[in-house]
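With this note's numbering, letter number 36 in the sequence shown gets 36, and the count goes up by one each step, no holes.
There could be a bad hint or two in this list.
Stated by the list, open to error - The list that follows gives simulated cross-link-like pairs (lysine-lysine, DSS-like), each with its CA atoms no further than 30 Å apart:
#, residue 1, residue 2
1, Lys-149, Lys-162
2, Lys-112, Lys-133
3, Lys-56, Lys-14
4, Lys-160, Lys-149
Hint data in this document are derived by calculation from the structure and do not stem from the laboratory.
Please read all numbers here as calculations on a predicted model, not as lab measurements.
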Amino acid sequence: MENMPFDYRILTYKTNLHNFAISFTKNLDDANDLVQDTYVKAIKYANLYNEGTNLKAWLYTILKNTYFNNYRRNTTRSKIFTVTEDYHSHQLLKSSTTNAGVETLINEDINKALSMLPEDYSIPFLRYFEGYKYQEIAEEFSIPIGTVKTRIHMARKILKSKLKMYAKKNTRSGISDAFAS
């Protein structure tokens with residue numbers, strides 16, 4: 001098996017990985033996605049695998065870490081959309097009539113400001129905003145973690161200056177929070 005190309009060797013563990021993924025996800029489709037993500041990462045980081053070590057354990061570790069990272073990211077997203085207050089119809093009527101247009105304009109301004117960022121700043125910032133960790137971003141772009149932090153900081157600073165008209169007025173919409181450092 002050692003003489004087989006790396007891509008083929010990892011495929012020999014598909015059934016084992018799939019069973020392991022099902023134990024985490026409890027869902028066939030999610031398990032399939034998790035195994036696929038594991039293979040993508042294994043191929044991407046094949047240079048980090050030390051020949052002669054336990055390939056199956058290495059793949060299991062990637063699968064487990066991928067699951068927990070995605071779980072953490074999804075949990076964070078679900079927390080953002082959780083409503084903790086009870087709204088009465090008279091409150092919703094008042095806010096919904098004015099917010100639809102205002103929110104559209106705010107989103108257009110945010111998208112315009114994002115498009116004006118240099119690509120070196122915008123891509124790491126968006127990855128961070130999506131829930132990726134500094135280390136994950138650094139690995140994806142093969143740059144030092146300090147560079148990632150600097151680029152995200154600079155993106156925030158530029159966006160803050162371009163969107164300063166929303167800083168005080170719309171703190172409830174989360175705009176000032178998203179760009180706070």
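Hints, verified against the model:
no. : hint                 : in the structure
1   : Lys-149 with Lys-162 : holds, 20 Å
2   : Lys-112 with Lys-133 : holds, 25 Å
3   : Lys-56 with Lys-14   : holds, 10 Å
4   : Lys-160 with Lys-149 : holds, 16 Å
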